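Residue numbers (this note's numbering), protein chains in the order written: chain A, 35 to 110; chain B, 35 to 110; chain C, 35 to 110; chain D, 35 to 110; chain E, 35 to 110; chain F, 35 to 110.
Just so you know, these hints were derived from the structure itself, not from any lab.
Hints should not be assumed to be uniformly reliable.
Claimed, not checked - Derived lysine-lysine pairs resembling BS3-like cross-links, with alpha carbons at most 25 Å apart:
| id | chain 1 | residue 1 | chain 2 | residue 2 |
| --- | --- | --- | --- | --- |
| 1 | D | Lys-61 | F | Lys-61 |
| 2 | B | Lys-61 | C | Lys-61 |
| 3 | E | Lys-61 | F | Lys-61 |
| 4 | E | Lys-61 | A | Lys-61 |
Claimed, not checked - Derived list of chain E stretches under chain F, where covered just means 3 residues or more per stretch with a C-beta under 8 Å from a C-beta of chain F:
| id | segment |
| --- | --- |
| 5 | 36-48 |
| 6 | 61-74 |
| 7 | 86-96 |
Bear in mind the structure is a predicted one, so any value in this text is a computation, not a measurement.
Virtual Cβ for every residue (Gly too), placed ideally from N, Cα, C.
Protein chains: 6
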Amino acid sequence: MELVPGNSLLTATPEEGRRLAVTLARKTIGFMQPDASVREVLRPAYANDADSLTAAGQVVATEFQTIAAANDYWRG
Amino acid sequence: MELVPGNSLLTATPEEGRRLAVTLARKTIGFMQPDASVREVLRPAYANDADSLTAAGQVVATEFQTIAAANDYWRG
Amino acid sequence: MELVPGNSLLTATPEEGRRLAVTLARKTIGFMQPDASVREVLRPAYANDADSLTAAGQVVATEFQTIAAANDYWRG
Amino acid sequence: MELVPGNSLLTATPEEGRRLAVTLARKTIGFMQPDASVREVLRPAYANDADSLTAAGQVVATEFQTIAAANDYWRG
Amino acid sequence: MELVPGNSLLTATPEEGRRLAVTLARKTIGFMQPDASVREVLRPAYANDADSLTAAGQVVATEFQTIAAANDYWRG
Amino acid sequence: MELVPGNSLLTATPEEGRRLAVTLARKTIGFMQPDASVREVLRPAYANDADSLTAAGQVVATEFQTIAAANDYWRG
Numbered sequence: 035m036e037l038v039p040g041n042s043l044l045t046a047t048p049e050e051g052r053r054l055a056v057t058l059a060r061k062t063i064g065f066m067q068p069d070a071s072v073r074e075v076l077r078p079a080y081a082n083d084a085d086s087l088t089a090a091g092q093v094v095a096t097e098f099q100t101i102a103a104a105n106d107y108w109r110g
Numbered sequence: 035m036e037l038v039p040g041n042s043l044l045t046a047t048p049e050e051g052r053r054l055a056v057t058l059a060r061k062t063i064g065f066m067q068p069d070a071s072v073r074e075v076l077r078p079a080y081a082n083d084a085d086s087l088t089a090a091g092q093v094v095a096t097e098f099q100t101i102a103a104a105n106d107y108w109r110g
Numbered sequence: 035m036e037l038v039p040g041n042s043l044l045t046a047t048p049e050e051g052r053r054l055a056v057t058l059a060r061k062t063i064g065f066m067q068p069d070a071s072v073r074e075v076l077r078p079a080y081a082n083d084a085d086s087l088t089a090a091g092q093v094v095a096t097e098f099q100t101i102a103a104a105n106d107y108w109r110g
Numbered sequence: 035m036e037l038v039p040g041n042s043l044l045t046a047t048p049e050e051g052r053r054l055a056v057t058l059a060r061k062t063i064g065f066m067q068p069d070a071s072v073r074e075v076l077r078p079a080y081a082n083d084a085d086s087l088t089a090a091g092q093v094v095a096t097e098f099q100t101i102a103a104a105n106d107y108w109r110g
Numbered sequence: 035m036e037l038v039p040g041n042s043l044l045t046a047t048p049e050e051g052r053r054l055a056v057t058l059a060r061k062t063i064g065f066m067q068p069d070a071s072v073r074e075v076l077r078p079a080y081a082n083d084a085d086s087l088t089a090a091g092q093v094v095a096t097e098f099q100t101i102a103a104a105n106d107y108w109r110g
Numbered sequence: 035m036e037l038v039p040g041n042s043l044l045t046a047t048p049e050e051g052r053r054l055a056v057t058l059a060r061k062t063i064g065f066m067q068p069d070a071s072v073r074e075v076l077r078p079a080y081a082n083d084a085d086s087l088t089a090a091g092q093v094v095a096t097e098f099q100t101i102a103a104a105n106d107y108w109r110g
C-alpha cells in the first residue's frame with residue numbers, strides 16, 4: 035500500500051498541496067485500518083460529528099504544514 | 035471544490051492571513067463532509083459547545099501558523 | 035469583526051506577545067460563535083473544567099509559538 | 035497579572051527553559067480562570083486523571099518547543 | 035527495545051519517511067505498554083473507532099513533520 | 035526535581051533523543067503530579083486504554099520534534 039502518492043511532497047500549487055495533505059491523512063487511516071468495509075462503517079460516525087470532523091481537520095492542517103514547508107510555501 | 039481560495043498562501047496582512055486560516059479550516063470540513071445540509075445540522079453542536087469551539091480554534095491556530103510562516107510573519 | 039488587533043504580529047515584548055496570543059485565540063472563538071450571549075453561557079462550562087482550560091491553553095501555546103517566531107523570540 | 039515571568043523567553047539552561055514552559059502554561063490557566071479557589075477545586079480533577087495529565091503535558095511540550103527555539107536549543 | 039529503527043531519521047524517499055513515522059509512533063506505544071497481549075486486546079478498540087484512528091493519524095502527522103524536516107523534505 | 039536529565043537536549047543519536055523525549059514527557063507528569071503512589075494508580079488507566087496511549091504518544095512526538103531540531107536531526 036502506497037502512503038505517499040508519487041513519492042514526493044512537492045506540488046505545483048497550494049491547492050495541490052492541500053489535496054496531498056488530505057490524501058496523506060486518509061492513506062494513513064487506511065494503513066492503520068486496512069479493512070475497507072470497516073472504514074466504510076466508520077465514515078458516518080466521523081462525517082456526521084462536528085468534533086470528529088474538527089479532529090480530522092487538525093490532522094490535515096498538520097500534514098499541510100509539512101507540505102507547505104516542503105514547497106517553501108509556493109513563494110516561487 | 036476549491037480548498038485554497040486564490041490558490042495562494044500569500045496575503046497582504048495578518049488580518050487577511052487569519053481569515054484565510056479560518057477559510058482553509060472550513061473548506062477542509064466541507065471537503066470531508068460535502069453535504070451542506072449535514073454541516074448545517076452539525077453547526078449548533080459545535081457552535082454551542084465550549085470544547086468544540088476550542089478544538090476548532092486549535093485548527094485555525096495551526097493553519098495560521100503555516101500561513102504566517104508563508105508570509106514571513108508580515109515583517110515586510 | 036477584527037481578528038488580529040493592530041493587524042500585526044509584532045510586539046515589543048514577550049508579555050505583549052503572550053497577551054496577543056490569548057486575544058487571537060479569543061477573537062477566533064468570537065468569529066466562530068458571534069453571539070456574545072451564547073459565549074457568556076459557555077464561559078462557566080470551560081472556565082470551571084480542568085480539561086477545557088487545558089485545551090484552551092493548548093490553543094494559546096500554539097498561537098504564541100507563531101507570535102514568538104514572528105518576533106524572532108524577542109532576542110533583539 | 036504577569037503572563038511571562040521576567041518578560042523574556044531566554045534562559046541559561048534547558049532545565050530553566052522547561053520550568054518556564056510549565057510556568058507559561060500555568061499562568062495562562064490562571065489568566066483564563068483568575069479565581070484561585072476555583073483552580074484549587076479543579077486541581078484534583080486533573081492531577082488524578084491520566085488523560086488530563088497527558089493533555090497538560092502536551093501544552094508544556096508545545097510551550098517548551100517555543101522556548102527551546104528561542105534559546106537556539108542551548109547549543110551555546 | 036529499539037525506538038528508532040536504524041538509529042537514523044534519514045530515508046531515501048518520502049514513502050520510506052512516512053513508514054518510519056508510523057513505526058516511530060507504534061514503537062512508542064510499545065515502549066509505554068510493553069505487554070504485547072494487552073496491545074493486541076487494545077487494537078480493535080482503536081482500529082474500529084473513527085476518532086481513535088484520527089488521533090493516531092495526528093501522531094503520525096507530527097512524527098512525519100519531524101522526519102520530513104530531517105530529510106529537507108527530500109528536495110534533493 | 036530535575037525536569038531535563040543532564041540539563042541538555044543534545045544526544046549522540048536519534049535513539050538517545052527518542053528516549054530523552056519519553057523522559058521529558060514522563061518527568062513533566064511527575065512534576066505536575068509529584069505523588070508517586072497516585073501515578074502508580076493512574077498507570078493502568080492509561081496503559082490499558084488505546085486513546086490514552088495515543089495521547090501520550092502525541093506528547094512524545096512533540097517532545098521529539100524539539101529534540102530532533104536541537105540536534106539538527108543528527109545529520110552530523
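Hint check:
{"no.": "1", "hint": "Lys-61(D) to Lys-61(F)", "result": "20 Å, holds"}
{"no.": "2", "hint": "Lys-61(B) to Lys-61(C)", "result": "20 Å, holds"}
{"no.": "3", "hint": "Lys-61(E) to Lys-61(F)", "result": "20 Å, holds"}
{"no.": "4", "hint": "Lys-61(E) to Lys-61(A)", "result": "20 Å, holds"}
{"no.": "5", "hint": "36-48", "result": "holds (count 7)"}
{"no.": "6", "hint": "61-74", "result": "holds (count 6)"}
{"no.": "7", "hint": "86-96", "result": "holds (count 6)"}
The structure is consistent with each of the numbered hints, conforming to all of them.
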